[in-house]
Amino acid sequence: MATDNFIIPNPLQVPQGLIAVAEFQAGVRIVTALSKVPQNNPSFPNQTAPTPDKPIKTSALGTPVYSNLVIASGNYTDIYGNVINYPNIEVDTVLFNINGSKNIIKTPIQGLDGTVKEYISDGDNIINIKGIIQGANGVYPIGEVNKLIAICNAKCALSVQSDYLETNNIFNIVIESYSLPQDMGSQSQQVFELNCLSDVNYLIFENQ
Amino acid sequence: MLRPICQIKITQQPTSDLPNRNSVFQFSFVNNIEVSSSWKNLTDTAKIKFPKNVFINFADGTKRKLSLKDTPQFINGRQSNNDAPFVLRGDKIEIQASYIYIDRNGKEIVPEPDTIFSGYIVKVLNKMPIELDCEDNMYQLKQIFLDKMSWAAADISDVIGYILKGTNFSFTTGGATMSLGNFRIENQTPAEVLEYLRKTFHVESYFRGDVLHCSPFVYYPDTNNNPPHLLQFQKNIISDEMQYTRADDVKVGVKAYSISKVELATQTFDGRMKNKATRLEVFAYKKNNGEVDFKDLTGGIKAGIDEGSFGNVVTLFYADGNTLDGLKQFAKARLNRLYYEGFRGTFTTFGLPFINHGDQVQFIDNVLPERNGTYFVKSVTRTYGMGGYRQKVEIDLRIDGVLDKTDLQKGI
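Residue numbers (the numbering used here), protein chains in the order written: chain H, 1 to 208; chain W, 209 to 620.
Incorrect hints may appear among the rest.
[Stated by the list, open to error] Once the Cα atoms are required to be at most 30 Å apart in a straight line, the calculated DSS-like pairs of lysine-lysine come out as:
no., chain 1, residue 1, chain 2, residue 2
1, W, K495, H, K155
2, H, K106, W, K273
3, H, K155, W, K335
4, H, K155, W, K273
5, W, K613, H, K155
Calculated from the structure, these hints are not laboratory results.
Nothing here was measured: the structure is a model prediction, and the numbers come from that model.
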């Protein structure tokens with residue numbers, strides 16, 4: 001074999017044969033490593049193959065839905081004393097981004113390096129919700145969009161249900177701002193974005 | 209990291225309309241607390257702000273949104289206390305606060321919280337957030353009127369014992385006796401009597417727990433034995449508004465007076481014996497050469513010096529006699545206490561060490577050692593809330609180098 005065959009002319013042009021060899025070797029090592037994991041060994045109690053998550057439902061397109069958003073219906077009293085009802089809404093196409101924070105007072109003292117910190121409380125979770133309300137093909141989902149607008153205008157905390165939010169102990173949210181932009185070239189869906197804060201009910205306890 | 213913790217306990221008091229209103233509620237969250245405490249104010253006060261949008265979890269398991277104006281419901285003829293207003297004027301309140309902190313060994317310390325205020329709600333401001341104005345036990349002494357009483361020669365213990373009769377409070381004068389002469393109470397509350405004693409005889413009164421402290425001195429012998437709180441400038445003094453003054457720059461005058469009442473043989477038209485009060489008064493000050501000089505003001509004589517040129521004129525009542533020499537010695541001793549080189553003003557520290565008025569604080573400054581010194585505490589204003597837990601402490605007399613052990617054991 002000519003020595004030129006072993007010279008790699010450009011690092012970006014890796015010979016296909018070499019990649020295949022590397023992939024093969026990596027695969028062999030992974031398979032070997034897995035085969036060495038003892039089965040039913042009490043030292044490795046969690047080594048059984050994980051069960052795939054079950055989707056909570058199937059979307060209109062037949063795709064699995066693992067985390068949706070349900071905002072429960074409710075009511076509030078406006079400044080004129082009228083009780084205003086708002087409906088519930090269920091959105092299958094939704095993504096969450098949760099940011100946590102802590103309220104900490106930092107006090108600098110002359111002559112002392114750093115600051116003295118006093119933990120006051122956990123801050124609200126800042127939740128960004130991006131989602132799509134899907135309509136039938138070629139039909140704008142006006143009914144669901146109206147529900148969402150009524151919810152966005154509600155002057156109260158909203159009760160929500162979502163597996164993803166529940167993992168962060170979020171059951172109530174307050175919408176700080178929202179946007180409902182039009183999407184170029186699409187008619188049968190409404191994109192929305194909600195910027196929210198988590199909300200908690202505080203309790204005063206009566207002594208027994 | 210320090211973790212401030214607080215506990216608010218509200219004990220409802222029954223009223224004529226709500227005889228079953230006696231629940232006790234506790235919560236550990238506030239927006240802000242401010243507690244002012246001083247021997248100078250007669251009454252310690254507290255202001256609390258907490259959110260209104262909260263729920264009350266009753267002992268029977270029911271839950272209800274907090275309300276201040278609900279009408280009590282009657283269920284099967286029995287009044288349901290759960291619908292009574294949450295707080296009313298006159299309800300008892302206790303506020304505790306402290307820090308959870310990590311000690312030098314890395315161990316988390318959860319101390320027993322200090323009671324920073326104990327008293328009664330005097331005003332409920334129904335706003336968002338709710339604000340409660342509170343007063344200490346002195347509130348109780350403002351609610352009762354005393355029967356008429358008079359003494360021909362009253363001691364302070366006689367008067368205080370009389371005004372506290374029928375209450376659950378005890379009192380201490382710190383071992384001091386003080387003759388008030390002919391003394392009369394007419395249609396006054398106990399708090400008004402204490403205020404009269406404060407204005408007339410400079411007898412300061414304040415509550416510590418259920419014990420009324422009422423004495424011609426404010427720094428009591430028993431607390432004077434306690435070690436001072438150590439405060440280090442580069443460690444736990446956050447900020448200060450203190451001025452360091454040299455003794456030469458101090459301009460203080462002391463106006464001391466004594467009153468002796470002599471009962472005459474004649475009577476007033478309502479049958480009481482007539483009295484003649486003799487008042488002695490001197491003004492003591494330091495001249496430019498440092499010597500103490502006196503001006504006799506007895507009989508309303510003008511001092512002949514501009515009192516306004518003195519930064520501070522302290523008026524003191526002399527209770528131990530009615531001679532001019534005794535009065536002068538008293539005024540001179542008090543004047544020397546005020547002429548010290550050191551700090552005057554306030555400083556702010558964290559919630560620990562827990563400082564009360566009447567305590568001693570010792571300043572330590574490793575950078576400027578001349579700022580070291582030990583002082584009495586005149587007042588403490590505590591704040592707790594979103595700005596952390598703070599104590600604003602006002603210092604009074606300097607102890608080291610000015611007062612000796614005998615002074616402290618007598619009371620200041």
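Comparing the hints with the structure gives:
1. K495/W <-> K155/H: Violated, at about 72 Å.
2. K106/H <-> K273/W: Measuring from Cα to Cα gives roughly 34 Å; hence the hint is violated.
3. K155/H <-> K335/W: Given that 30 Å is the threshold and the Cα spacing comes to 19 Å, the pair holds.
4. K155/H <-> K273/W: holds, 17 Å
5. K613/W <-> K155/H: Violated, at about 66 Å.
In this structure, the hints that do not hold are numbers 1, 2 and 5, in rising order.
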